[in-house]
Amino acid sequence: MIESSYALEVKSLEVKFRANFLSKTKGSVLAVDKVSFNLVKGTTTAIVGETGSGKSTILKSIIGLVKPNHGSLLLGDSELLNLKSKNSKRLRRTIQMVFQDPSGSLNPRMRVAEIILEPLVIAKLQGKDKVARKEILNSMLSKVDLSIDLASRYPHQLSGGQKQRVAIARALIVQPEILLLDEPLSALDVLVQAQIVKLLSQLQKDSGLSYIFVTHDLALASEIANNVIVLYLGRVVEQGSVEKVFANARHPYTQALLSAVPTTNIALDSSNSRVILKGDPPSPFNPPSGCSFRTRCPAAIDICSKERPKLVDISVNQKVACHLVVGDR
Amino acid sequence: MKLPTKWSGLNLRIRVSIVMLVLILTLAVIASILSPYSSDQIGVGETLLTPSFAHPFGLDSFGRDQLTRVTEGALLSFFIGFTVMSISLIVGIPIGILSAFKGGLIDNGLSRFLDLLFAFPSLLLALVLVAVIGSGFWTALLALTIIYIPIASRFIRGAAISERDRDYVSAAKVNGASTFRICFKHILPNIAFSLLVLGTNIFAFAILAEAALSYLGVGAKPPTPSLGKILTENQGFITTSSHLVIIPALTLSFLVLALNLLGDGLRDHLDPRKTLKDSKMSDR
Amino acid sequence: MSKNTQQLLEILDLSIRFTGTGKALAVDHVNLKILRGQAIGIVGESGSGKSTLGFAIAGLLNRNEVEIEGSIFFENEDLLQIESEKFQRIRGSKIGYIFQDAASSLNPLLTIGNQLIQPLMANNGEKKDAARKIAQELLAMVEIPEPKKRFNQYPHELSGGMKQRVVIAAALARSPMLLIADEPTTALDVTVQAQIIDLLLRLKQSLSMSLVFISHDIGIVSRIADCIAVMRNGKILEYGPVRQVLQEPSEEYTKMLLANIPKLKYTTKSTTHSFWGDHD
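Residue numbers (our numbering), protein chains in the order written: chain A, 0 to 328; chain L, 1249 to 1532; chain W, 2 to 281.
Mixed in with the good hints, there may be bad ones.
DSS-like, lysine-lysine: derived pairs with alpha carbons at most 25 Å apart [stated by the list, open to error]:
| hint | chain 1 | residue 1 | chain 2 | residue 2 |
| --- | --- | --- | --- | --- |
| 1 | A | K277 | W | K149 |
| 2 | A | K309 | A | K15 |
| 3 | L | K1469 | A | K15 |
| 4 | A | K204 | W | K266 |
| 5 | A | K129 | L | K1433 |
| 6 | A | K197 | W | K266 |
| 7 | A | K277 | W | K129 |
| 8 | W | K149 | W | K129 |
Here are the in silico distance ranges between beta carbons for each label pair [as the list claims (entries may be wrong)]:
| hint | chain 1 | residue 1 | chain 2 | residue 2 | range |
| --- | --- | --- | --- | --- | --- |
| 9 | W | Y155 | L | V1267 | 47 to 53 Å |
| 10 | W | K24 | L | F1327 | 51 to 57 Å |
| 11 | A | Q201 | L | S1334 | 27 to 33 Å |
| 12 | L | V1264 | W | N65 | 23 to 29 Å |
| 13 | A | K123 | L | F1330 | 37 to 43 Å |
| 14 | A | A246 | W | D102 | 34 to 40 Å |
| 15 | A | I313 | W | D130 | 31 to 37 Å |
| 16 | L | F1330 | W | E84 | 53 to 59 Å |
| 17 | L | K1350 | A | G278 | 36 to 42 Å |
| 18 | A | Q201 | W | A25 | 30 to 36 Å |
| 19 | L | V1264 | W | M257 | 48 to 54 Å |
Calculated Cβ distances over 10 Å to all of chain A for the following chain L residues [as the list claims (entries may be wrong)]:
| hint | residue |
| --- | --- |
| 20 | G1293 |
| 21 | T1488 |
| 22 | R1515 |
These are calculated hints, taken from the structure and not from any lab test.
Backbone N, C-alpha and C fix where the C-beta goes; we use that ideal spot for every residue, glycine too.
The task is simple: from the sequences and hints, build the whole structure.
Structure representation (structure tokens):
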């Protein structure tokens, strides 16, 4: 059997949140609306979008913190979403996650050593052999460039960058193939961010890890990702290789996003070419009919309010969902 | 955040209150052991004797040695406070944490049930129980336990809720940690300090509540020297032999004050340290 | 001390230490000049002292907790030498301040309208109707959609971007000559950020207001500022016009910062044109 070159295949993922029946807002939100993509082994796919785009929800569905309503997640040839519990534990271990806030993702009452080793303990790997565990711990610490004497410290005694390294070590200790990263850099200073990016990139080279990287920072996405998915209110508006999408963005929202990115490149950044989107995103409980972006789109036409645009290939490695780009007119 | 193991690591309030509690407990124990009288022994001397060398707290209208009675009363208060606190925490912790963690129907159901219990004014509930079972020290103990379990559960549930959505809990879930592990290895240690504060509050309230019940005549039966009961018996002598009222009242106040101070001190220890440390963190 | 009427603020040899933190200076012998109508960006990482500097100018430091040396001349008067009451009055009317977290700047229990009216009535002595009118104008000035509706809404009913606009409106209520903004857009989405920056730029123009924009993000700062100050460990390491600092930085630290910021690859000016056209 030919082994798939995809680490993960996400097909038509759908996640619906119903408003609590006791709360004021009624109805439901389609937080993730038919999102599909394939993660090529050893590469990084960036998911970009703003608040309410559903990017974090996608990660949570993949990792199992949220149960999707529809769709499929193919890991090799195993379907993750309908797994019997015996297999699911082992398979789930191949996907790990690094969270956004390093201070919140580490238990303040546990020492670094315990935190990093916990996944092993839970999975009952490496038996009760203390020596073996110590060795693994030390090797993980050195893998993420942390000094061994930090092992006995508590999280509050570490800097932000150090905490995030601990989180990465914890994620990697069970030797996953896929790492989900939910805005792992936003709580860190610029120079520390650069160090962590370097670390992640080295780890990817050394271990062949595949990353799904959620971020709102498009500049970062352009530098570290091979593929990118742009989300608006739970729907994919554009996706493809980073070169294609960033050089030749076809969807008006992608263009607006790119234009809004603050940059130190003076040539690129003259206030003349700034695109300012009007207004705020519509409520996810009540998205506009047809194309959900049409209320802020400068070029919306009739069909945009009637029909939801399909996500279509417009060139190799680039898909767009927009009537104006794709239409036959 | 580690529990401080150094005495100097604790703030003034905690230190003072611990000293107070240790003091009164030690004195009470020593006095109880050394006293040649028993607390219900009547006629050991002239009734209503003012404090003297032989009877440092005087004698009451039955000729009972007050020192013996008050110290035994203090020990009883300790006992009841400790028991009510322990049981309500032991029962409240699993209920509160599981309820918070599981959420959904279990949480809703438990919360409604606890609300029901909570809705009764506690003293009223105690009176009802007494009417059913009959008055007595143990009835009072039972009633207070029943009252404080839902109070403790609710509080613990609230504290657990604020931790359960934290990323470190999600990280544990992602790794397949069992519910038990998450609740007791992750959530519980992080709310432990607030539980300590809760504990001191329940301790203090239970002591006062028992004293109130005894005072009203529905708690300890004579001759049990509960501090509340002593107050009832001696209240008629407040102008003539005021020491008979002042001493038990002071003892009660001292105990409750020490506990409240301890609770305050623990709360102070918990809060400012935490926020100060977090805000000073830089990324170097 | 020059009597230059173009000069609004001059900071001379300002040093600030927080009592009880040993010898470390939060702000270390800082010198800075701000002209009328000029926008200055202060860039630095956490711990650089940029926020402390902002607090000092705005009079938000608790004099019991800090030791300050040096002077802050505002309109040729040293703010550090006058009684704190006078400083408060100047601060209220001539210096505005915007905090990073808009949500916590607004009282969740009062309607937006009330929060804008109250200071107007209390400080300017306006009557309720007049204050209302001014508040409405302010909301229009910050381009809040449906200002009449928003007037009676509570903060939690507004989005992050709108809340920040309200905070800006409140800061502008008394037509300050100097507006200090500490990371006003950090918590906002990228497109909303762009809107707010754009708004601040236009307000600066129309109100001839000076602006001190504090941020860790040199990219955002470069959009709005005329001059940039790079801070580290309490000192201003580098200061100059935006173009110069970005293209020809003289300090190693600045070079390092610039080198380590992610750059938007592949995108060119024409990338955004097909729908949004050429803007002039």
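A quick look at each hint next to the structure:
1. A/K277 x W/K149: Holds. A/K277 to W/K149 sits at ~19 Å (cutoff 25 Å).
2. A/K309 x A/K15: Roughly 20 Å between the alpha carbons, so the hint for A/K309 and A/K15 holds.
3. L/K1469 x A/K15: violated, 62 Å
4. A/K204 x W/K266: Status holds; Cα separation ~21 Å.
5. A/K129 x L/K1433: holds, 20 Å
6. A/K197 x W/K266: holds, 17 Å
7. A/K277 x W/K129: violated, 32 Å
8. W/K149 x W/K129: OK: W/K149 and W/K129 at ~16 Å, within 25 Å.
9. W/Y155 x L/V1267: 47 to 53 Å: With Cβ atoms ~49 Å apart, the hint holds.
10. W/K24 x L/F1327: 51 to 57 Å: Check passed, 54 Å falls within 51 to 57 Å.
11. A/Q201 x L/S1334: 27 to 33 Å: Check failed, 53 Å falls outside 27 to 33 Å.
12. L/V1264 x W/N65: 23 to 29 Å: Since L/V1264 and W/N65 have Cβ atoms about 27 Å apart, the given range 23 to 29 Å holds.
13. A/K123 x L/F1330: 37 to 43 Å: Check passed, 39 Å falls within 37 to 43 Å.
14. A/A246 x W/D102: 34 to 40 Å: Roughly 36 Å apart at Cβ, these two residues keep to the hinted range, so it holds.
15. A/I313 x W/D130: 31 to 37 Å: violated, 58 Å
16. L/F1330 x W/E84: 53 to 59 Å: holds, 56 Å
17. L/K1350 x A/G278: 36 to 42 Å: Hint holds: Cβ distance 41 Å, inside 36 to 42 Å.
18. A/Q201 x W/A25: 30 to 36 Å: holds, 34 Å
19. L/V1264 x W/M257: 48 to 54 Å: holds, 52 Å
20. G1293: About 57 Å separates L/G1293 from the closest Cβ of chain A, which puts it past 10 Å; holds.
21. T1488: holds, 57 Å
22. R1515: Per Cβ check, L/R1515 is outside 10 Å of chain A; nearest 17 Å; holds.
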